[in-house]
Amino acid sequence: KQEVTQIPAALSVPEGENLVLNCSFTDSAIYNLQWFRQDPGKGLTSLLLIQSSQREQTSGRLNASLDKSSGRSTLYIAASQPGDSATYLCAVGTSGSRLTFGEGTQLTVNP
Amino acid sequence: NAGVMQNPRHLVRRRGQEARLRCSPMKGHSHVYWYRQLPEEGLKFMVYLQKENIIDESGMPKERFSAEFPKEGPSILRIQQVVRGDSAAYFCASSPATDNYGYTFGSGTRLTVV
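If you read the sequences in order, they're chains A and B.
With the numbering used here, the residue at position 102 of the first sequence is 102, and numbering never jumps.
Numbers in the numbering used here are just positions in the second sequence, counted from 1, shifted up by 1000.
Check each hint, because a few of them may be wrong.
As the list claims (entries may be wrong) - Dumping the calculated DSSO-like pairs for lysine-lysine here, alpha-carbon to alpha-carbon at most 30 Å:
#	chain 1	residue 1	chain 2	residue 2
1	B	Lys1027	A	Lys42
2	A	Lys1	B	Lys1062
3	A	Lys1	B	Lys1051
4	A	Lys42	B	Lys1044
5	B	Lys1062	A	Lys42
6	B	Lys1062	B	Lys1051
7	A	Lys68	B	Lys1071
As the list claims (entries may be wrong) - So these bits of chain B aren't anywhere near chain A, every CB distance computed over 10 Å:
#	residue
8	His1029
9	Lys1044
10	Glu1063
11	Ser1087
Source of the hints: derived by calculation from the structure; they are not laboratory data.
Ideal placement from N, C-alpha and C gives every residue a C-beta, glycine not left out.
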């Protein structure tokens, strides 16, 4: 059974800081890994999708890496802004199209 | 392209009533998934459907819950005889195909059982 863990559970940083969010998963037989952002009371916004054959994806200030063999992914946010404050979710896609989510990292960026 | 549309956004039901949640996938997407987010918990898979077929319902509670994705119209998640423990956010996602494609999520339906 796939299990996804995100560390830290919560993170508070000053504006402008670079930061790393961590995601680990127990079963390396994955199809892809997707990072989402969830604002309070809102839905999920897809940030980055990494296929199992890829090592990383970049979008603007965001960079996600994937090390399938060690069961790890990181989301790097450069020059953080208050608008980045949200919960960040890591989700692993496995055979059968099911996504397994981590519990999320709640990020607060202070002005 | 309006994205994945879920309605209603908020739904209040009394214990014992029925709740019907609707999801219209993105145009061109034929795969629909339902996830539930209980308060202070992560998202959990419930069911995966294609048109007129339930592919995987292993995450659905055995009783009171059902889902369908008819040939025409939105996917429906139906909860009969709701209880307080059903209060949660229910999210629908769609994808164009399986396995190697990312998912697009709707904004969710927040169900409150009073």
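To see whether the hints hold, each was checked on the structure:
no.: 1; hint: Lys1027(B) with Lys42(A); result: holds (22 Å)
no.: 2; hint: Lys1(A) with Lys1062(B); result: holds (20 Å)
no.: 3; hint: Lys1(A) with Lys1051(B); result: holds (28 Å)
no.: 4; hint: Lys42(A) with Lys1044(B); result: holds (16 Å)
no.: 5; hint: Lys1062(B) with Lys42(A); result: holds (28 Å)
no.: 6; hint: Lys1062(B) with Lys1051(B); result: holds (22 Å)
no.: 7; hint: Lys68(A) with Lys1071(B); result: violated (38 Å)
no.: 8; hint: His1029; result: holds (12 Å)
no.: 9; hint: Lys1044; result: violated (8 Å)
no.: 10; hint: Glu1063; result: holds (21 Å)
no.: 11; hint: Ser1087; result: holds (14 Å)
The structure fails to meet hints 7, 9 from the earlier list, while all remaining hints are met.
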